[in-house]
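Asker: Chain W is fixed; fit chain C onto it per the hints.
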Amino acid sequence: GENVEQHPSTLSVQEGDSAVIKCTYSDSASNYFPWYKQELGKRPQLIIDIRSNVGEKKDQRIAVTLNKTAKHFSLHITETQPEDSAVYFCAASPFSGYSTLTFGKGTMLLVSP
Amino acid sequence: DVKVTQSSRYLVKRTGEKVFLECVQDMDHENMFWYRQDPGLGLRLIYFSYDVKMKEKGDIPEGYSVSREKKERFSLILESASTNQTSMYLCASSTSGSGEETQYFGPGTRLLVL
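Here the protein sequences line up with chains W and C, keeping their order.
Every number in the working numbering is 38 more than the matching position in the first sequence, counting from 1.
Every number in the working numbering is 237 more than the matching position in the second sequence, counting from 1.
Certain hints may be false.
[Stated by the list, open to error] Straight-line C-alpha distance at most 25 angstroms; calculated BS3-like pairs for lysine-lysine: (1) W:K80 x C:K240; (2) W:K143 x C:K294; (3) C:K307 x W:K75.
[Unchecked claim] Label-pair distances were calculated between CB atoms; the ranges are: (4) C:T323 x W:V92: 37 to 43 angstroms; (5) C:K308 x W:H110: 33 to 39 angstroms; (6) C:K290 x W:D55: 47 to 53 angstroms; (7) W:K106 x C:S333: 23 to 29 angstroms; (8) C:I297 x W:S56: 33 to 39 angstroms; (9) C:P344 x W:N105: 21 to 27 angstroms; (10) W:K106 x C:R347: 33 to 39 angstroms; (11) W:S47 x C:G300: 22 to 28 angstroms; (12) C:L278 x W:Q119: 25 to 31 angstroms; (13) C:K240 x W:G54: 33 to 39 angstroms; (14) W:K109 x C:M325: 26 to 32 angstroms; (15) C:E309 x W:D97: 27 to 33 angstroms.
[To be verified] Which bits of chain W does chain C cover? Going by a derived footprint, with three or more residues having C-beta under 8 angstroms, they are: (16) 45–58; (17) 78–91.
Treat the hints as calculated values from the structure; they're not laboratory data.
Computed from a predicted structure; not experimentally measured.
Each residue gets a CB set at the ideal place from its N, CA and C atoms; glycine is no exception.
Same shape as in the complex, but just chain W (with noise of 0.2 angstroms):
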C-alpha cells in the first residue's frame, strides 16, 4: 500500500520566516495530495490540495509544489505569524478506487513571535 514519509517531525521559526514540510510518496499512482492543519485541541482541516496533473498551487501565504518524478511534494508557508504554529501533514489518495487517505506523521511548526 501507500506509505508517506514527512520531514520534519518539528520545525521552529521566527515570525516572518518561511517554513517549508515536505512529503514523499510511494504508490507511483497517487493523484490526489492534500495537506491539512490541526490547530492545538482542535480537528484537523483541509489547507489546500495538489492534483498530479499540477505542479503548483497556490494561495495567499502558502504554496505546494509536486514532484511526481521523484514522488515527493512540499508545503511552503511565507511571512510566517504565531497563528500559523499548529501541526501540519500531507497525505496521498492512493489508486484504490475508494476515496481513502495515507497520512504522514505530521510536522509540529512553532512560531515565535
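Answerer: Below, chain C alone, put in the same frame as chain W:
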C-alpha cells in the same frame, strides 16, 4: 457548513470493556472514516465505509469493528478494550467521487483504557 460530531470528547474505560464510539455527519456524505491519532504516528486509518452497511478495513483494523446502519452514522466498536487502545479517535466524512474529496473531521474522542 459540514458538521461532523462525535458522541464523547473524553472517555475512560476499563480493560476488557466493550466500547462504542459514535460519529454523526449531517451532509449526506457517502464515505465515513475512523482514524486513531497517536503522537509521532500521525493519523492511521482503522476502518472506512463507502455506503450503508458497507465497510472496509484500513491499515490497523485489529481489535476494532464498525457498524453503519444509517448513512449519517458510523460507529467504532472496541470489543474488549485494551490499554494499547488508549488514543485519540477521529471520525471523518466525505462525498464519494474521484478520490479527491475533502475529508471533514469530527472533534475527536480521547479514550483512556485503564
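Asker: Check the structure against each numbered hint from earlier and tell me which ones fail, lowest number first.
Answerer: 3, 9, 16
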